[in-house]
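In order, the protein sequence lines correspond to chains A and B. Residues in the first sequence are numbered consecutively from 1, following the numbering used here. Residues in the second sequence are numbered consecutively from 68, following the numbering used here.
Hint data in this document are derived by calculation from the structure and do not stem from the laboratory. A portion of the hints provided could be inaccurate.
Unchecked claim - Each computed EDC-like pair below joins lysine to aspartate or glutamate, with the alpha-carbon atoms no more than 20 angstroms apart:
1) B:K295 <-> A:E5
2) B:K280 <-> B:D305
3) B:K295 <-> A:D12
4) B:K429 <-> B:D416
5) B:K184 <-> A:E64
6) B:K437 <-> B:E413
7) B:K387 <-> B:D416
8) B:K280 <-> B:D257
9) B:K391 <-> B:E368
10) B:K437 <-> B:D104
11) B:K297 <-> A:E53
12) B:K184 <-> A:E27
13) B:K391 <-> B:E449
14) B:K184 <-> A:E30
15) B:K437 <-> B:E151
16) B:K297 <-> A:D12
17) B:K184 <-> B:D153
18) B:K184 <-> B:E71
19) B:K295 <-> A:E53
20) B:K184 <-> B:D106
21) B:K297 <-> A:E5
22) B:K308 <-> B:E368
23) B:K184 <-> A:D34
24) B:K184 <-> B:D104
25) B:K295 <-> B:D305
These figures come from a predicted structure and were not determined experimentally.
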Amino acid sequence: MLLVEIRPDTCDFCGCCVGVCPEDAIELREARIDIIEERCTNCAKCVWACPFEVFLFHTPARKERVE
Amino acid sequence: MSGEAYDVIVVGAGPAGSTVARWAALGGASVLVLEKDRDIGMPVRCGEAVSNRSLETIVDIDSRWIAATIRRFRLVSPSGHVVEPDLGGYGYVLERRLFDYDLARLAGEAGAEVRTKCYVSGLLESDGAWTGVRYEYNGREQVVRGRIIVGADGVESRVGKWAGIDTTTHLRDMETCAQVTIAGADIADDACEFHFGNDVAPTGYLWVFPKGKGKANVGVGISGMASKRKHALRYLEDFLKRRYPRASVLSTIAGGVPCAPTLDTIVQRNIVLVGDAAHQVNPMTGGGITSGMVAGKLAGEAIAATVRADDLTTLRNYEKQWRKHQGNRHRTYHRMKTAVYGFSDEALDDIAARVLQLPPDKRSIWGVFKVALRHQPGLVWEMVRTFGL
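Next up, chain B with everything else stripped away, as it sits in the complex (with noise of 0.2 angstroms):
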């Protein structure tokens, strides 16, 4: 077969497919990057927040990212309950298109290829093996060899299918969303606000995330199944009515987001899955960005390892890492999500309410958890070996 050939493959240019790519490039792979949108970072399917620390490590942050600087969350509870935990740290609201263009440029910079408007539809099979992608541009096919292919495909993580992995989301783990940017609201710049409750968002939240300049990113995440009686964009227009209802609407943009546990293949011979698509997803807030960037560089350099060696099964140390420093964690976010997205209206006034008796010192994310979680000790004690509380 005649044609291009590249050591590295990856789908997709978001933030985990950057990041490999950048990586990989760093680590001396030739590295082809392909994306299906025709402008990298649109359109954005994300509420874009983020804290400092998960970030800082993974990147040198550069301040035309940030949209808003977070201090405060405030958490709302059915009745309009409004606790604020001390973060004990602070956050960001990104500006995602700005965000993902930068980090495609670094990847560039690093020495990979990046392509727009290139559709891949299917993996090239020769004896057995996967030896390369088959994608579309401008309406022809195309097809282009690798040696290693990354699935960062995002919520729809086709590649991963193609090489024999079920990467399906169970309708119960997929938050299905639906979002706006609103202009012209009176919105506090330095707080994240997040509304809980069967009216609102079940077995979900909906999030009120500043922008700065009167600008918001507002949007609802609720689960499949949940979805079934009433979809996401109907709650966000309900709310958008009732709480801000003169506001300019900039933007309306639909997304899904994985909330499972990481699946249990991401690496299968020479196919390595990062991100949404490998379902890094930390499943109890639905915040995917900096998970997917700390896989796509763990990705990047066992891959580059891989390269280097022209061994494969260095590419295991990806998958490893992965679970030394992640894997628990992920599996006790899910378990978490899933009682916390159980509970009634009642629960959770109950909760707010015994949460703001606390004194302020004690009303830390981890304080609100435990009084949310104190019927299920079980989960508590997992909690504290988890994350070393």
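If we strip away everything but chain A, and leave its shape as in the complex, we get (with noise of 0.2 angstroms):
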């Protein structure tokens, strides 16, 4: 289950995140960003990284509530 969340309206195509991403799981365009949910391990790297509060980190019973 993807318990990250992106904000694209808030990203600013950075990078940050793909450099400390250690499954290469996050496709960055020039101004797309997408992850790749079936190498993505939740290991919330990217949450940490992101300059500008890009991502949201849900917990696994929060994630299912809003599911």
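Using the supplied hints, reconstruct the complex from the two chains, each of which is provided in its own coordinate frame.
See below:
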């Protein structure tokens, strides 16, 4: 289950998250960002590294409630 | 497979990528540069400061690139002590949007082909060898073959990853940055200001670099570990509110700088990494423009020689040259960074107060470090050995 959520409107597409992602699980185009769900291990490094707080990290319980 | 083919494909048209392309093309190789953004040099994710000496050795400087000439550093401690070390030289704050453009132009004039809006999405593989790249242009997938592929893809460094090199930056070593260009502020045109302290920029620094006519590049870089508590943009907003509440903000940009030792592997078969992608940023200062260009030139020359000789082992010369000229320095800078960024506010204030007691002629950058690291004599000796001080 993907616990990382992106708020694309806040993203500046700087690549900081891609640089710390150990799984190469983020596709970053000039003005578009996607997480590749099959590769993401929910390690949350992108959540911490982001200068603009683009990422949200949900606990599994909360994620289930939302869904 | 049909289609286009080049001796060299360079992924990324920053200063490192354009410099590789230029020197490879000057050495006779056919070169294609693929840049994912629509406009080279934009957005500017950088403090834009360089020392004149390091820039002069690598390129003929065009006065249009220079927004301000720097003669002073102002190091501001948490409680507001200001140390102005003697620089023993001077520096520039660049206009990266013009600078990067011109470096790409120089690559083009040397014979390289530069294309924007090309998003490289993977390597082509054939019989266990990397034979080119896949890229998207305007929504269409394309392929191009290349004998040598250069990852100049910056902090993301995915080309290396696709080739099996571990290019991931540890969270601790990733300086996560937020920056603005402000205007209408009272800013000295000849001084770069650095602010330190837990409230301003824990495990990093906040910079105020003048860009002429009351403009400045102001930014914060903090370690990814510190960013867990509070993100870079918040630190920057807090500082601007305190210090420049009425200034206009002309741009707001995010960025990431890998402040780590150079990767163990920067050449793997026909794959070459340069610049931020190879972790060639000076880990102490976070400055990567000139070190990326130095590496770019070394790589470009080695690539041209490899193409001429048709012998991949020649490519190793790039790695050897880099290690010889910069390898030890980067390792030492990284250790210095790790030591300095661990200081408490009290320690930083104490260092500033002690430096201010030195006679003015001893207040060099080196003098500041000698005071700062006096509890770590081993590191001071390492600095002496590495930098020949």
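Structure-based check of all given hints:
1. Under the criterion of a C-alpha separation no larger than 20 angstroms, the hint pairing B:K295 with A:E5 is consistent with the structure, at around 16 angstroms.
2. Our distance criterion of 20 angstroms between C-alpha atoms is broken by B:K280 and B:D305, whose separation comes to about 24 angstroms.
3. Between the alpha carbons of B:K295 and A:D12 the distance comes to roughly 19 angstroms, so the proposed pair stays at or under 20 angstroms and holds.
4. Of the pairs offered as hints, the one joining B:K429 and B:D416 holds, with about 18 angstroms between alpha carbons and a cut-off of 20 angstroms not exceeded.
5. At roughly 39 angstroms between alpha-carbon atoms, B:K184 and A:E64 are farther apart than 20 angstroms, so this suggested pair is violated.
6. Using a Cα cut-off of 20 angstroms, the hinted pair B:K437 and B:E413 holds, with the two alpha carbons roughly 17 angstroms apart.
7. Straight-line distance between C-alpha atoms of B:K387 and B:D416 comes to about 41 angstroms, which puts the hinted pair past the 20 angstroms bound.
8. Distance hint between B:K280 and B:D257 is fulfilled; the C-alpha atoms sit about 12 angstroms from each other, no more than 20 angstroms.
9. For the given pair, B:K391 sits about 16 angstroms from B:E368 by alpha-carbon distance, which is consistent with the 20 angstroms threshold.
10. A hinted pair counts as satisfied when its Cα atoms are at most 20 angstroms apart, and B:K437 with B:D104 does not qualify at roughly 43 angstroms.
11. Taking the CA atoms of B:K297 and A:E53, the gap is about 9 angstroms. The hint holds against a cut of 20 angstroms.
12. A C-alpha spacing of about 15 angstroms is found between B:K184 and A:E27, which places the hinted pair at or below 20 angstroms, so the restraint holds.
13. A hinted pair counts as satisfied when its Cα atoms are at most 20 angstroms apart, and B:K391 with B:E449 qualifies at roughly 16 angstroms.
14. Restraint check: the Cα-Cα separation between B:K184 and A:E30 comes to about 8 angstroms, which is no more than 20 angstroms; the hinted pair holds.
15. Proposed proximity of B:K437 and B:E151 is supported: the alpha carbons are some 15 angstroms apart, at most 20 angstroms.
16. This hinted pair checks out: B:K297 and A:D12 have alpha carbons roughly 18 angstroms apart, not beyond 20 angstroms.
17. Distance check on the hinted pair: B:K184 and B:D153 sit about 44 angstroms apart at the alpha-carbon level, beyond 20 angstroms; violated.
18. A distance of roughly 17 angstroms separates the Cα atoms of B:K184 and B:E71; the hinted pair therefore holds under the 20 angstroms criterion.
19. Restraint check for B:K295 and A:E53: satisfied, since their Cα atoms lie roughly 10 angstroms apart, inside the 20 angstroms limit.
20. The straight-line distance between the Cα atoms of B:K184 and B:D106 is roughly 8 angstroms, inside the 20 angstroms bound, and the hint therefore holds.
21. For the suggested pair B:K297 and A:E5, the alpha carbons sit about 18 angstroms apart, so the restraint of at most 20 angstroms is met.
22. For a cut-off of 20 angstroms, the pair hint linking B:K308 to B:E368 is broken: about 48 angstroms separates their Cα positions.
23. Distance hint between B:K184 and A:D34 is fulfilled; the C-alpha atoms sit about 18 angstroms from each other, no more than 20 angstroms.
24. Restraint check for B:K184 and B:D104: satisfied, since their Cα atoms lie roughly 5 angstroms apart, inside the 20 angstroms limit.
25. Taking the CA atoms of B:K295 and B:D305, the gap is about 17 angstroms. The hint holds against a cut of 20 angstroms.
Going down the numbered hints, you'll see the structure goes against 2, 5, 7, 10, 17, 22, while the others check out.
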